[in-house]
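Using the hints, position chain C against chain B.
The listed protein sequences derive, respectively, from chains B and C. Throughout the first sequence, residue numbering follows my numbering, covering 1 to 395 in sequence. Throughout the second sequence, residue numbering follows my numbering, covering 1 to 164 in sequence.
Just so you know, the hints here were simulated from the structure itself, not pulled from any lab data. One or more of the hints may lead you astray.
[Unchecked claim] Just a sample of chain C residues kept apart from chain B, beta carbon distances all over 10 Å, derived:
#1 S14
#2 T28
#3 E37
#4 E58
#5 D63
#6 S92
#7 H138
#8 S149
#9 F151
[Unchecked claim] Straight-line alpha carbon distances no greater than 27 Å define the calculated BS3-like cross-link-like pairs of lysine-lysine that follow:
#10 K143/C to K382/B
#11 K290/B to K4/C
#12 K294/B to K59/C
#13 K143/C to K64/C
#14 K64/C to K6/C
#15 K4/C to K49/C
#16 K4/C to K294/B
[Unchecked claim] Here are some of the chain B residues that sit facing chain C, going by a computed Cβ distance under 10 Å:
#17 V23
#18 R27
#19 F29
#20 S34
#21 V39
#22 G43
#23 V44
#24 P47
#25 V133
#26 A167
#27 C201
#28 D219
#29 A301
#30 D312
From the three backbone atoms N, C-alpha and C, an ideal C-beta is built for every residue, glycine too.
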Amino acid sequence: MSAETVHGLKPRGLARLASDLPVSGIRRFFDLASELEDVVSLGVGEPDFFTPWSVREAAIYAIEAGQTAYTANAGLLELRREISRLLDRLYQVVYNPETEIMITVGVSQGLDLACRTLLDPGDEVLVPEPCFVAYKPCVTLAGGIPVGIGCRAQDDFRVSLAELARALTRRTKAILLGYPANPTGATMSRAELEAIVDFACSKGLYIISDEIYDRLVYDGTEHVCVAGLPGAFPRTITLNGFSKAYSMTGWRLGYACAPPEILTVMKKIHSHTMMCAPTVSQKAAIEALKGAQKNVADMVAQYDRRRRIIVDGLNQLGLACPSPRGAFYAFPRVESTGLSSEEFAERLLLTERVAVVPGNVFGDGGEGHIRCSYATSIPRIKEALTRMRRFVSSL
Amino acid sequence: MEDKKKLEILDILSRDSRTGAETIATMTGLSPEQVAEVIGDFERRGIIKQYTATIDWEKAGVDKIVAYIDVKVVPAREVGFDAVAMRIARHSEVRSAALVSGGNDLRVVIETTHMNELAKFIAEKIATIDGVAGTSTHFLLRKYKDDYSLFEEPEVDTRLVVTP
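Bound conformation, chain B alone (with noise of 0.2 Å):
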């Protein structure tokens, strides 16, 4: 409707806030290759394996019994006292399912919990990056102003605790925390944690811990719970979910962790925004929880074997790719081709048609990367290789 044939007053306009985010990087690249045949993706951010069947199976029943109303604003009870004996289990650390556990749409509607219960207009968030591309705009659509940390490859990503510290301010309300993390798929150890938590005590941070892929870890790496950290439980949202090692991201389903005065907040804004995580989801959650541990470590296994496949595979092809101690993510460089990340991606995908994501649209130090996912089949991922080498070398 243009401004000729408007009827009427013209409204005056939209929401600042929402019309000036940036377009996601990656909406680039999904145009460009969903109009590609025979696309080999390596851009795909989600597990290649479907739902454990036991979990399927769980939610058909629930669908036939007829278990779709409405469950508790913070989720079913049940459900959130197998995720308390599950990161006691795992972690060590103790929520209590009734006051400091909630039950969220995915971890991507837990961050929006985060951000809009801790951050008042102007406060700045600390957020190491190359990161999630959600992470800045969910900070800022809550009010808040996302102050990036750039990490290097050759410290492996992790954040430096020097950097944090030089980019604080006093409107500094919290640091966004993602290990494992996504693109790098590095991990902090926790030593590294501590340091964090207790530069976090001395300045009086929140700290929101994004651990989405926290089972997908290898060559012995122990993930560790920031809430766990000495000091660090008061301060902590913990952000978790089912997306990644259950393979349930299309039932949008995670879970936020805090204590009592803090989750009660975030349990107001979703009792009015959505009311309660899906019925059906959430029972198969249940199932996931008791029934499918045997299929996350089966999954991971098979995840471990294809990253070494990768990494070797693409070390060999001269982008220089240290091996990833965690999600399923290889960041290997690409500057040896002369060309940028969105060059290489862009130029890879016309001429041999394989789609990975050019690193800089996750953030300051992702430019020279390319992300790989080896969420697919080892099958694909040689296919892959086989059409990056043939790329590279005809540079």
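Showing chain C alone in chain B's frame:
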């Protein structure tokens, strides 16, 4: 080398027996020489019995008659079920033979190309064995899954091509 690594090699081969030693080496963090040695050892000891392919014969357009036969056995003194089981198992038509718990004793799977061949086999080669008290034959109508492979659902990746 710890047993866990050796079992990992077996697991990889059981999923895809064509996985080369180099690839297995990359997957497990061992050297190709180590992998080849372990595999050779397993082969010699009969732990790896053979390398085959799981074929969808129906799709290939080949008609096969497959029968699952439950054989009731009267165990012989001193040799139990083994003697009868081996007499049956040695026939080339027998794809698999196992002693199982339950109502019948042996579960035998036979593959032939013609029904009368099968009937002849059961009547002349199995039912006549000393120690076989009776047989109960079930014919394969349709395979849904074999060797961990689903026959019906093709492996199509339905995910969006690029996601954050």
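So, going through the hints one by one against the coordinates:
1. With a closest Cβ-Cβ approach of about 13 Å to chain B, S14/C is found to remain outside the 10 Å limit, as its non-interface label requires.
2. The beta carbon of T28/C sits about 8 Å from the closest Cβ of chain B, which is not more than 10 Å, so the claim that it is off the interface is violated.
3. Even its closest Cβ contact with chain B, about 19 Å, leaves E37/C beyond 10 Å, as expected for a residue assigned away from the interface.
4. For E58/C, the condition that its CB be more than 10 Å from all CB atoms of chain B holds, with the nearest at approximately 23 Å.
5. No beta-carbon of chain B is positioned within 10 Å of the beta-carbon of D63/C; the least distance is around 30 Å.
6. Non-interface call for S92/C relative to chain B: holds, since the shortest CB-CB distance, roughly 33 Å, exceeds 10 Å.
7. The claim that H138/C lies off the interface holds: its Cβ sits roughly 25 Å from the closest Cβ of chain B, which is beyond the 10 Å cut-off.
8. Every beta carbon of chain B lies more than 10 Å from that of S149/C, the smallest distance being close to 13 Å; the non-interface claim holds.
9. Every beta carbon of chain B lies more than 10 Å from that of F151/C, the smallest distance being close to 16 Å; the non-interface claim holds.
10. Between K143/C and K382/B the alpha-carbon distance is near 30 Å, which puts this suggested pair outside the 27 Å criterion.
11. Annotation: proposed proximity of K290/B to K4/C holds, straight-line Cα distance about 26 Å (limit 27 Å).
12. For the suggested pair K294/B and K59/C, the alpha carbons sit about 33 Å apart, so the restraint of at most 27 Å is broken.
13. Distance hint between K143/C and K64/C is fulfilled; the C-alpha atoms sit about 12 Å from each other, no more than 27 Å.
14. For the proposed pair K64/C and K6/C, the alpha carbon gap of about 37 Å is over 27 Å, so the pair is violated.
15. Between the alpha carbons of K4/C and K49/C the distance comes to roughly 20 Å, so the proposed pair stays at or under 27 Å and holds.
16. As the CA atoms of K4/C and K294/B are separated by approximately 17 Å, the hinted pair is consistent with the 27 Å bound.
17. A cut of 10 Å between beta carbons decides the hint on V23/B: the least distance to chain C is about 12 Å, and the hint is violated.
18. Taken as an interface hint, R27/B checks out: its beta carbon lies about 9 Å from the nearest beta carbon of chain C, inside 10 Å.
19. With a cut of 10 Å, the hint placing F29/B at the interface with chain C holds, because the nearest CB-to-CB distance is about 5 Å.
20. The closest approach between the C-beta of S34/B and any C-beta of chain C is roughly 6 Å, which is under the 10 Å cut-off, so the hint is satisfied.
21. Interface restraint check: V39/B against chain C, minimum CB-CB distance 6 Å, threshold 10 Å, status holds.
22. Taking 10 Å as the C-beta cut-off, the interface hint given for G43/B holds, the closest approach to chain C being about 4 Å.
23. Here the hint on V44/B is kept, as its CB sits about 5 Å from the closest CB of chain C, short of 10 Å.
24. Interface hint at P47/B: satisfied, since its Cβ lies 9 Å from the closest Cβ of chain C, which is below the 10 Å cut-off.
25. At its closest, the beta carbon of V133/B sits 5 Å from a beta carbon of chain C; the interface hint therefore holds under the 10 Å criterion.
26. Evaluation of the A167/B hint against chain C yields a violated restraint, the C-beta minimum of about 24 Å exceeding 10 Å.
27. Checking C201/B against chain C by beta carbon gives a least distance of about 32 Å; that is not within 10 Å, so the hint is violated.
28. Annotation: interface hint on D219/B holds; nearest CB of chain C at approximately 9 Å, less than 10 Å.
29. Contact between A301/B and chain C, as hinted, is supported at the beta carbon level, the nearest pair being about 8 Å apart and thus within 10 Å.
30. At its closest, the beta carbon of D312/B sits 5 Å from a beta carbon of chain C; the interface hint therefore holds under the 10 Å criterion.
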